[in-house]
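A.B. asks: Construct the entire structure; sequences and hints are all you get.
Chains G and L supply the protein sequences, listed in that same order.
Last residue of the first sequence? That's 260 in the numbering used here, and every number before it is there in order.
Last residue of the second sequence? That's 520 in the numbering used here, and every number before it is there in order.
Read the hints as simulated data drawn from the structure, not as lab findings.
Note that the structure is a prediction, hence the values are computed from the model and not measured.
Check the hints yourself; a few may be wrong.
[What the hints assert, rightly or not] Covered by chain L, per the in silico footprint, the following chain G stretches (three or more residues, Cβ under 8 Å):
#1 8-19
#2 84-91
#3 116-125
[As the list claims (entries may be wrong)] For each label pair, taking beta carbons as the anchor points, the in silico distance ranges come out as:
#4 G421/L - K40/G: 51 to 59 Å
#5 V397/L - V82/G: 29 to 37 Å
#6 N449/L - D136/G: 40 to 48 Å
#7 Y351/L - R25/G: 55 to 63 Å
#8 H360/L - V82/G: 46 to 54 Å
#9 K24/G - P378/L: 26 to 34 Å
#10 D274/L - Y91/G: 25 to 33 Å
#11 V82/G - G450/L: 39 to 47 Å
#12 R25/G - E398/L: 37 to 45 Å
#13 A472/L - Y91/G: 32 to 40 Å
#14 D505/L - S158/G: 48 to 56 Å
C-beta atoms are modelled at their ideal positions from N, C-alpha and C, and glycine is treated no differently.
There are 2 protein chains.
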Amino acid sequence: MRTIAVVIEYDGTDFAGFQVQRGKRTVQAELCRAVQKVTKQSVPVIGASRTDAGAHATGQVVHFRTLCRIPVERVPAALNSVLPRDIAARYAWEADETFHARYSARSRVYRYTIWNHPVRSALMERYAYRVSQPLDVEAMQQAVRYLVGKHDFAAFASEVGRYRNTVREVYSAQLQARLPLVWLRIEANGFLQGMVRAIMGTLIEIGLGKRAPETVEQLLQSGVRGDAGFNVPAHGLCLVRVNYDESTILRSEQQAGKGL
Amino acid sequence: MRTIAVVIEYDGTDFAGFQVQRGKRTVQAELCRAVQKVTKQSVPVIGASRTDAGAHATGQVVHFRTLCRIPVERVPAALNSVLPRDIAARYAWEADETFHARYSARSRVYRYTIWNHPVRSALMERYAYRVSQPLDVEAMQQAVRYLVGKHDFAAFASEVGRYRNTVREVYSAQLQARLPLVWLRIEANGFLQGMVRAIMGTLIEIGLGKRAPETVEQLLQSGVRGDAGFNVPAHGLCLVRVNYDESTILRSEQQAGKGL
Chain G
1 MRTIAVVIEY DGTDFAGFQV QRGKRTVQAE LCRAVQKVTK QSVPVIGASR TDAGAHATGQ
61 VVHFRTLCRI PVERVPAALN SVLPRDIAAR YAWEADETFH ARYSARSRVY RYTIWNHPVR
121 SALMERYAYR VSQPLDVEAM QQAVRYLVGK HDFAAFASEV GRYRNTVREV YSAQLQARLP
181 LVWLRIEANG FLQGMVRAIM GTLIEIGLGK RAPETVEQLL QSGVRGDAGF NVPAHGLCLV
241 RVNYDESTIL RSEQQAGKGL
Chain L
261 MRTIAVVIEY DGTDFAGFQV QRGKRTVQAE LCRAVQKVTK QSVPVIGASR TDAGAHATGQ
321 VVHFRTLCRI PVERVPAALN SVLPRDIAAR YAWEADETFH ARYSARSRVY RYTIWNHPVR
381 SALMERYAYR VSQPLDVEAM QQAVRYLVGK HDFAAFASEV GRYRNTVREV YSAQLQARLP
441 LVWLRIEANG FLQGMVRAIM GTLIEIGLGK RAPETVEQLL QSGVRGDAGF NVPAHGLCLV
501 RVNYDESTIL RSEQQAGKGL
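C.D. replies: What follows is the structure, given as structure tokens:
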């Protein structure tokens, strides 16, 4: 049995999110259908992150297990020939049998993009959330520094009850601006549901002068959800990258090299 | 009677081009409808360029004449509140009565974007034309230099018969690459129909080594359409900007300042 991992890109606008839902158009359902067409087998396709309805991805990772003997370098083109236009398979590699797109992930990188301008943009409308009032980018940058490190992010979770443990480690968080675009790039070992959107909502309130930058530090200590900012909409969100241990990937590719 | 000029942005994917066509969804028809809703008058809305079906714009300019007394700075928001999501009014100014979006234009700037990668991208699919084979960017850059200046562009026109005069002046033309993206930015006093797309098709053939860069010089001399490259599809094309004489705009805005 082979395990194939694939980097997936999608425009989330017309999807009800990543995860399969009965009667809805989802990324996972489209991928399952495409894998079935290519491999002639119906197998589960597992994603690294269950992105929200409307959220995009340039670097989602999925895996599936198959007996099909298609050369791994042909997998992206084969999938793309049957995938809809708003999903693309970008790259595939042969992984070892223990590889799991979700559980093997060492970190995930998300980007949230704001269109900071009083007038909306037709071309950014699908990919950025508009904030009309000017943002104090420096205050937001100051706030972002508190996020880095190991913290309890309960205050930023949509449903705290779902988790045994709401501690996550943020490896890096940068807020950058090339106006009218302002974006947050955040890398962590894992994210609670709604976490990036609640962080961004809080940062926006800081940027609008409604809160002090130190509010982030207080939220990390208090852990009370009601105290954090509003949840910004998902269409500004993009899963940029999922990282795995170099060693795992190299070993997988060496194995694949022997196997072929 | 006031003359109002508006900078318009659109995602051309779901439009049958700029110009009104019976029974089709066009940018001009949507703009006419929006202007009518805002001004309560049915007036023509004239665009600087009739972009093709599928082509985009970040800086199309339109004008209309009206008796409506809406302050010009409120025009973009008023139009945006009734325009569909894939069109946005970005900026408006009060122009003098001789202003004409098309005939007063001093130059237009187009960008054509290529996604130069064997694997397609879901997020660039709407905005860039994919070329799978690697392009020789240097050869293309060499070819682009021949375009600058006053030339007869008949070889690059879709319908030569339509024009009394096929001479146009290209003020600047740059080909840039940040792989996998490769794009042409070209500014001219005017463009023949299909001109940018035929130029880009020719440049791609040069980039693939099927033609020498000097072919562009020869085409400008021969003027035979059949000799130029293929017409690349419109979805890689974007009308970036329309330039008017500074003097006209300043005078218009001064007048507007007095009028308000």
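A.B. asks: R25/G and E398/L, beta-carbon distance inside 37 to 45 Å?
C.D. replies: holds (44 Å)
A.B. asks: Could one say that the CB atoms of G421/L and K40/G fall in the range 51 to 59 Å?
C.D. replies: Given range 51 to 59 Å: holds, Cβ gap about 54 Å.
A.B. asks: Quick check: does the Cβ-Cβ distance between A472/L and Y91/G fall within 32 to 40 Å?
C.D. replies: Holds: the Cβ-Cβ distance is about 34 Å, inside 32 to 40 Å.
A.B. asks: Given a hinted range of 29 to 37 Å, is it respected by the beta-carbon distance of V397/L and V82/G?
C.D. replies: holds (32 Å)
A.B. asks: Is 46 to 54 Å respected by the C-beta to C-beta distance linking H360/L and V82/G?
C.D. replies: holds (49 Å)
A.B. asks: Given that the stretch 84-91 of chain G was listed as covered by chain L, double-check it with a C-beta distance under 8 Å for 3 or more residues.
C.D. replies: Three-residue rule met by the stretch 84-91 of chain G, so holds; n is 7.
A.B. asks: Look at the Cβ atoms of Y351/L and R25/G and judge whether their distance stays inside 55 to 63 Å.
C.D. replies: Violated, at about 36 Å.
A.B. asks: Quick check: do three or more residues in the stretch 116-125 of chain G have a beta carbon closer than 8 Å to a beta carbon of chain L?
C.D. replies: holds (count 7)
A.B. asks: Is 48 to 56 Å right for how far apart the beta carbons of D505/L and S158/G are?
C.D. replies: holds (54 Å)
A.B. asks: Between D274/L and Y91/G, does the C-beta distance stay in 25 to 33 Å?
C.D. replies: holds (30 Å)
A.B. asks: Can you let me know if the beta-carbon spacing of V82/G and G450/L is within 39 to 47 Å?
C.D. replies: For G450/L against V82/G, whose Cβ atoms are near 44 Å apart, the range 39 to 47 Å holds.
A.B. asks: Within 40 to 48 Å: is that where the Cβ-Cβ distance between N449/L and D136/G falls?
C.D. replies: holds (43 Å)
Of the numbered hints listed earlier, the single one contradicted by the structure is hint 7.
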